[in-house]
Structures are given as C-alpha cells and as structure tokens.
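Asks: Counting in this note's numbering, the sequence shown tops out at residue 257, every number present.
Please keep in mind that the hints were generated in silico from the structure rather than gathered at the bench.
Hints should not be assumed to be uniformly reliable.
Cross-link-like lysine-lysine pairs, in silico, BS3-like; alpha carbons within 27 angstroms at most [to be verified]:
id, residue 1, residue 2
1, K110, K135
2, K214, K170
3, K92, K118
Pairwise CB distance ranges, derived in the manner of DEER restraints [stated by the list, open to error]:
id, residue 1, residue 2, range
4, D193, S108, 19 to 29 angstroms
5, A250, K214, 31 to 41 angstroms
6, P241, S168, 36 to 46 angstroms
7, R176, T119, 45 to 55 angstroms
8, S251, Q166, 28 to 38 angstroms
9, T107, R176, 41 to 51 angstroms
10, T244, H163, 18 to 28 angstroms
11, D167, W212, 34 to 44 angstroms
12, T175, S251, 16 to 26 angstroms
13, A152, E62, 12 to 22 angstroms
Idealized CB from N, CA, C, for every residue including glycine.
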Amino acid sequence: MRYDNLLNSFKRLAAGAVVAATATIGLAGTAAADSPFHTGVWQLNTEAGAEGLVISDWLVFEHGLPKRWLYRRAGTNDTNQFDFYTRTIGDKGYTPVGLRVYRTGNTSMKLTIAEKGKTPMEASATRLSLVNHMKSCLSVEENGAKLYGSWAGTAGSTLKSLHIDQDSLKIDGETRRVSVEPVRVGRLGISQDGKPVAFLTDAGGDYAVLQWFKPGVTQADMRDQTKEILDFKAEEIVRTPYGTCDRQIASRLKAMR
1 MRYDNLLNSF KRLAAGAVVA ATATIGLAGT AAADSPFHTG VWQLNTEAGA
51 EGLVISDWLV FEHGLPKRWL YRRAGTNDTN QFDFYTRTIG DKGYTPVGLR
101 VYRTGNTSMK LTIAEKGKTP MEASATRLSL VNHMKSCLSV EENGAKLYGS
151 WAGTAGSTLK SLHIDQDSLK IDGETRRVSV EPVRVGRLGI SQDGKPVAFL
201 TDAGGDYAVL QWFKPGVTQA DMRDQTKEIL DFKAEEIVRT PYGTCDRQIA
251 SRLKAMR
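Please put together the full structure from these sequences, using the hints given.
Replies: Shown next, in the form of structure tokens:
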C-alpha cells in the first residue's frame, strides 16, 4: 500500500457526510487528568517518508491550524486505543472518516484512517514531544482560564480581534453584553439576553474556536456534557497573541528524520 500522504484522506471527504445537530458522544480526552496519549507532536512514518502530525486533545492540526475535531467513539476505547468519529471545522456533521490511534509503546503509536467504503490506511508514528500533559502546550487547559482575555483572528476566521470576559464579548471593536459560563473543561458557553449564542472552545496549543450557534439551541443543550452539537452557524479559529506553542511545535518538527 502506498502512503503518498496519509492525511490526504481527510482532504477528500465527500460532501454527503452524516449530518446531525447533536450526537451522544464526547470530545476526545478528559483534560482534567493526563491528556490522552495521542496529544502531541509526532513523526508519521509512511512509505513516502516522514510527515509531521500535530494533535491536541480534541483536534488534528493541518497547515499550522486546528482542522479536524475528534469525537471519541463510546465503547471502543481502552488504555491503549481510542477510536474517533471526525468532523472538519465548518462542516455540519460527521465526515465519513474514522480515526484510530493505538499505543504501541511509551513514545509510539499506530494511526489508522478508515474512510467509509475504502480500505483503511495505517502508519506508525513516533512521538517528538513530551508525554506529560502539564508540559504539553497542546493539552486543553484544565480550568478554562486560558479562554478569557484577548484573541487575534487567523486564516481560519473572518474576525480580526476578540476579547472575552465574564460579562462582555468584544469583536473587532464592537462590544456586546453577554453572560459567560464554563460548561465543561476547556469550553465556555456564551449567552446574550438569556439565549445561548456561542461556545468558545479550547483547541489546544495557541488556539481556540468561537462556535456560533444556529437558532434553537437551548441552555440545556449548551450545558449538556453528554452530547455534542455538530451543526454551527460558523466556526472561527482564533489565536492568543501571547502563545508560544507554535514555536514549540516547529522546534519539535525539526527533529524529524
């Protein structure tokens, strides 16, 4: 089997993905304890050569930005294996591609990408970063404090600047009065006039994603930790202007051989 680019499987996703507003499934990882072993910077070993692979607790990165959400598949995980459904940022439901990571050692794993109706592709991966989540900048923040403050727009957003605190949200100079509450580890729920309007979700590394709700999301939906909303009006990737994780990732990737 040729691995011209294992992750290209993600980039050929069919438009007819499974569409659902919510799903009874959790984001990968717990973030309250050690991050899952897949979190970090990896060298993906393929027949075509080494490729960099960057994964936070909840997302696969591409071209330096968080790109593919990981939703842990219930009942298929143990200490060494995690199976995920995936969704591309900006899409309205699962993509027809599943991802499995299987730990084969303290610093190694096997990654399998299974696109619906196609032969799964596999490759080994060697860790380039540290394992401990307290030393991994790609881990999701435990207490959510990282999410408050100022953020800058990226190539994955239409906004240029964002500032959030417990009672206001300022975007490109326009301030709206809101109420903000932690709804799970690494995620803030934002409401305006008593109605939920958005999540701000820690993407790991230097990034977060502002996820604007479509009409109809209730307070119960926003606070439900057992279900994931999969259909948003928009998802905007923002970056902390004080972040150092991008630099750390680049340094780790230089170690590929």
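Asks: Quick one: which hint numbers does this structure break? Sort them smallest to largest.
Replies: Numbers 4, 6, 11, 12, in rising order.
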